[in-house]
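K.L.:
Next come the chains, spelled out residue by residue.
Number of protein chains: 2
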Amino acid sequence: MSRSGCCRLFTGGPCCAAVNGWRSQSSPRADCLEVSNIRLAKFLPPLVWARHYSRETLLNDSVAAVIVTIMLIPQSLAYALLAGLPPQVGLYASMLPLAAYALLGTSRTLSVGPVAVVSLMTASAIGELAAPGSEAYLAIAVLLALMSGLMLLLMGVLRLGFFANFLSHPVISGFITASGLVIALSQLKHIFGIQAHGDTVLSLVPDLLRGLGQLNMPTFLVGGGVLAFLFWTRLGLPGLLERMKMPALPAKVLCRAGPVFGVIATSLLAYWLKLDEQGVALVGDVPAGLPALSLPAVAGLPWRELWVSALLISLIGFVESVSVGHTLAAKRRQKIDPDQELIGLGAANLAASVSGGYPVTGGFARSVVNFDAGAETPAAGLLTAVGIGLAALFFTPYLAWLPTATLAATIIVAVLSLVDFSIIRRAWNYNTADFAAVSMTLLVTLLLGVEAGVACGVLVSLGMHLYRSSRPHMAVIGEVPGTGHYRNVDRHEVLKRSDLLQVRIDESLYFANASYVEDRLMARVDSLPELRHVVLLCAAINEIDLSALEVLESINEQLADRGVSLHLSEVKGPVMDLLRSTHFLQALSGRVFLSHHDAVSRLTRELEDERDQSVLNWEI
Amino acid sequence: MSRSGCCRLFTGGPCCAAVNGWRSQSSPRADCLEVSNIRLAKFLPPLVWARHYSRETLLNDSVAAVIVTIMLIPQSLAYALLAGLPPQVGLYASMLPLAAYALLGTSRTLSVGPVAVVSLMTASAIGELAAPGSEAYLAIAVLLALMSGLMLLLMGVLRLGFFANFLSHPVISGFITASGLVIALSQLKHIFGIQAHGDTVLSLVPDLLRGLGQLNMPTFLVGGGVLAFLFWTRLGLPGLLERMKMPALPAKVLCRAGPVFGVIATSLLAYWLKLDEQGVALVGDVPAGLPALSLPAVAGLPWRELWVSALLISLIGFVESVSVGHTLAAKRRQKIDPDQELIGLGAANLAASVSGGYPVTGGFARSVVNFDAGAETPAAGLLTAVGIGLAALFFTPYLAWLPTATLAATIIVAVLSLVDFSIIRRAWNYNTADFAAVSMTLLVTLLLGVEAGVACGVLVSLGMHLYRSSRPHMAVIGEVPGTGHYRNVDRHEVLKRSDLLQVRIDESLYFANASYVEDRLMARVDSLPELRHVVLLCAAINEIDLSALEVLESINEQLADRGVSLHLSEVKGPVMDLLRSTHFLQALSGRVFLSHHDAVSRLTRELEDERDQSVLNWEI
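Just so you know, the protein sequences line up as chains Z and F, in that order.
The first sequence begins at 1 in full-length UniProt numbering and counts up by one.
The second sequence begins at 1 in full-length UniProt numbering and counts up by one.
Don't read these hints as lab results, they were simulated from the structure.
Where hints are given, some of them may not hold.
Pairs count within a copy or across copies, as identical chains cannot be separated in the list.
[What the hints assert, rightly or not] No more than 20 Å apart at the CA atoms, straight line, and that leaves these computed lysine to aspartate or glutamate pairs for EDC-like:
| id | residue 1 | residue 2 |
| --- | --- | --- |
| 1 | 331 | 561 |
| 2 | 331 | 598 |
| 3 | 331 | 519 |
| 4 | 42 | 608 |
| 5 | 331 | 372 |
| 6 | 496 | 610 |
| 7 | 274 | 339 |
| 8 | 42 | 612 |
| 9 | 331 | 577 |
| 10 | 496 | 451 |
| 11 | 42 | 553 |
| 12 | 331 | 557 |
| 13 | 496 | 608 |
| 14 | 42 | 277 |
| 15 | 42 | 56 |
| 16 | 331 | 550 |
| 17 | 331 | 553 |
| 18 | 252 | 242 |
| 19 | 274 | 610 |
| 20 | 274 | 550 |
| 21 | 496 | 530 |
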């Protein structure tokens, strides 16, 4: 079989399934008819789902869109507040980006828009460059969306989706948990009606403690009340509705609509009781209407200072979005294509930047609601965008009376569901490296901020991986008597000989571990004066780079100097292909064996023969 | 056997050999008598060699010291010139540091002092912070030695010698070759008697071309003459002396003394012909005497800007020194201890900083001369330090007439021996990753400077390694009929079944490759509708981290959803230990087999039995 056959084996089964991994349910073979359409469909997913769009699908998508729209209005306002932006920016970021993702993304149910962690990262990135509320702050947010969009698009075109794999699960978990805590802390000031600055625990906690003396009681009553109500809709209400025998879907919608009730109730309260005169901060005038489309400004803005932030926002947003998309797709046996996701999210961010929004990504809560509400295709996203547009046109006058404490309570309840310390326990029980990664990420994010946290997490996890692979496990092995199986002499009762050393190296050989392996091997060799042969069992060596090849050559020479032959066994195909192009194999003092057992049997026989011979010589 | 026994197996054989790996030749068992002494000797190596110091050893060391001293005087002056420092600083850096290394280093023949690459890096680091020749420039050089010394000591105490392993051989080769070229280019200005600035090809070449119009002919005659003479002593003289039947050692010394003849001849020439009046640059007045000892100044100096440079100088210096020390030690069956080397080199740099020197390390040329001249112990280094001290006391007045062109010629000839392009061809023939690393390092060093070059090389080689390990080789395998050996279906004629998929993953599973493995495996599974069992052959999996464990759990669940069982075979001891602490093994839908052959035999038998059963049911 050819080599390309090997690749094909792994790229995706039947031809239909290869189109973004989606299987058409209605006409299993129809999609396969036109190859050119399939190619195009890879880059424009609606070509697949729109062909089978029925009235029933439209109905399902519409129901989901209405539910998501109702949920999104307060959430968009709240996340804009978290990002330090005027509330309408949250609405703007929930229109065009949804449409852009619906056209180019590969997840059928992902809901794109402002999300908590990215909003926090936006606030953290811009906070040092401009004052919240200023013209410059808004312009930089738009620029950040532009840069993030361009980076995601570029990564998509270069097919760099695998980059996200370098954010390990412990790092992401630690980061999300710490971000959730920081976000919740940062919103307490709105609940208390006090001032607090910063985006780390170190800066927020002292401000909050100092501010408690100036607590604004009416604000606290509103904020605390909404908070208590929202916790009840999450924890108490579902059980109550179940006892009242309400069907599952309406019950779920009712619980999810908690923030909407909170918004309406506290707005009315603020209007009737003129709460603004009591010192309760309100959202105030929000310009009505759709966002004006315009090219984002770059000149005069500090884009050089933003690129690290834009990159981190892109990566974190991408990882969050892909993991949500992946989870939801798996539930319906669909698939997403990470590289095309980069393009979908890139387009969404570009759309945000031309319509006065800020960085967006696929959110967890909103996507789950979309999925649960029965959305079948990205058309639900398009309809949601229309819903938010109608809200922006007709609903904004009523926002003037909305207390910011209500929005803050919405955020706190939403983000506390992100906080999950169980990963720390899991990592602690599992191994040191993962525990180090998760705890470092968590601590640094809490203490030094989101960007330092995620950078530190990636560096620690890569560093731990490299450190471990630079000190590989090596075992002296021997045959478990009579079995032909070779095992660690320290773990099993095996046959040993003082003139034959068998070593298994449990790692690929590359520059970072080659000298370590050499040192340990030669130290072992020097401790065995009767040694005649060394056999390296290479079954676990997946790669030998040039540095390691030179070390092998050096080991071979040093052994030859000592009158010891070096043999290799069970060298893998790809490694053998590489070694064949070198002089090493010719220079090898011993032999290369396909099977370790053959190697040991043959060398043992030779050694026995020699001994018999020398005994014979002696006797003669 | 115990686990600690496993460690002992690899840490070094008989107890004597463990003391820095040195074997005492004269009294094989004497060193073993006092354990406390052995511990101390690990940190103070002279306790080992000084005990057996004889008159004969002293004679050998003295001869070597005289030869090295003669070679070092012009070289120290030249490297100080290269570093942009007054010539006497080169002499200062060749006294106390040698003594410090002799007391704490583990190589018996390494010669420490100013070297070409570190001098270039010093010039490059300070060049942007102060004007060459200024007081501040000198003070920063001393500070750099202090910082580098402290970093090396700290790394030694923390036993971070393995750090050097992350500089792969291709990166070091590319870096050294490019540095040699840049150094040679930078010295041409002294040969031509013109001005040129910078430490990259991009800045030097235009300056040199522009300057050629102002070529100073007397300077060029002196410089070009010495250059031609030195090349002849390297290329022509050895053959001539061999034909004249001169014994090997004196011939070698004569050839190596070329720079000394050049220095004497051109100094006399400059004195007689009053070459300074012709525009030939001379070294000029050099203060006589030993350096004044003083604590280096830190206050008011830009140490914050220096730490990256100091770190790179430390690492590069350490790697150069260790590789030289390693090579020489291997020739006499001695060993060096990288962690103790860090301490020796750290002490040498601290000694340089308190005696008005600049960063030093173990040099290649000087160490080889020391070794060839018969040095047996670090006492040769101590004696060399005394020799240089005598030179500084009595020889400096004669340096006034030494043309800088002579020193430049000395440097050019010395560094061109570092230039070696063969690594590029080797890497090209071997694999892409090593070729990318070596060529990137070479190009970036030439074009953007030494620090960018080495940083880029390390990042490229680590990046390539991570990239490859993030897309591991996976093979569908089957039994080579009747052998019990399992091989890639694409490379061998093997048995296949459509209801049993056997996959070998040729890499440890960790966060960076876990999802890739999942995607490829599940795509393959989805293409096999009759599949009942998947067996993962885990012999090459040396590690499974928490992210990978979660992916395995997800694969297990997805397979279970499809009615397929997951089995593992040949899981290694250390990996199995880790998995036992998790729920994964309990949740595993299939079984874990010690041998892959057993797994396949048993599953095949089960499948056959089931088929027979169903045929039977049908017939009934």
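K.L.:
Give a verdict on every hint.
P.N.:
Tested hints:
1. Proximity of residue 331 and residue 561 under a CA criterion of 20 Å is satisfied inter-copy only: 11 Å between copies versus 62 Å inside one chain copy.
2. In this assembly of identical chains, the alpha carbons of residue 331 and residue 598 never lie at most 20 Å apart, being 49 Å within a copy and 35 Å across copies at closest.
3. Taking the shortest alpha-carbon separations for residue 331 and residue 519, only the inter-copy value of 15 Å comes in at or below 20 Å, while the best intra-copy value is 51 Å.
4. In this assembly of identical chains, residue 42 and residue 608 lie within 20 Å of each other by CA distance neither inside one copy nor across copies; the values are 65 Å within and 41 Å between.
5. Within a single copy, residue 331 and residue 372 get their C-alpha atoms as close as 11 Å, which meets the 20 Å cut-off; across copies the closest is 72 Å, which misses it.
6. Within a single copy, residue 496 and residue 610 get their C-alpha atoms as close as 18 Å, which meets the 20 Å cut-off; across copies the closest is 44 Å, which misses it.
7. Within a single copy, residue 274 and residue 339 get their C-alpha atoms no closer than 52 Å, and across copies no closer than 73 Å, so neither meets the 20 Å cut-off.
8. For the homomeric pair residue 42 and residue 612, neither the shortest alpha-carbon distance inside one copy (71 Å) nor that between copies (44 Å) is at most 20 Å.
9. Proximity of residue 331 and residue 577 under a CA criterion of 20 Å is satisfied in neither setting, with 42 Å inside one chain copy and 32 Å between copies.
10. For the identical chains of this complex, residue 496 and residue 451 are neighbours neither inside a copy (54 Å) nor across copies (50 Å), given an alpha-carbon limit of 20 Å.
11. For the identical chains of this complex, residue 42 and residue 553 are neighbours neither inside a copy (48 Å) nor across copies (30 Å), given an alpha-carbon limit of 20 Å.
12. Taking identical chains as interchangeable, the C-alpha atoms of residue 331 and residue 557 lie at most 20 Å apart only when they sit on different chains, with a minimum of 12 Å there against 58 Å within one chain.
13. Within a single copy, residue 496 and residue 608 get their C-alpha atoms as close as 14 Å, which meets the 20 Å cut-off; across copies the closest is 40 Å, which misses it.
14. In this assembly of identical chains, the alpha carbons of residue 42 and residue 277 never lie at most 20 Å apart, being 57 Å within a copy and 78 Å across copies at closest.
15. Taking the shortest alpha-carbon separations for residue 42 and residue 56, neither the intra-copy value of 25 Å nor the inter-copy value of 80 Å comes in at or below 20 Å.
16. Taking CA atoms no more than 20 Å apart as the test, residue 331 paired with residue 550 passes between copies only; the shortest distance there is 17 Å, against 50 Å inside one copy.
17. Proximity of residue 331 and residue 553 under a CA criterion of 20 Å is satisfied inter-copy only: 15 Å between copies versus 52 Å inside one chain copy.
18. With identical chains, the CA atoms of residue 252 and residue 242 are at most 20 Å apart within one copy only, with a shortest distance of 10 Å there and 96 Å across copies.
19. Proximity of residue 274 and residue 610 under a CA criterion of 20 Å is satisfied in neither setting, with 104 Å inside one chain copy and 78 Å between copies.
20. Taking CA atoms no more than 20 Å apart as the test, residue 274 paired with residue 550 passes in neither setting, with 81 Å inside one copy and 53 Å between copies.
21. With identical chains, the CA atoms of residue 496 and residue 530 are at most 20 Å apart within one copy only, with a shortest distance of 13 Å there and 46 Å across copies.
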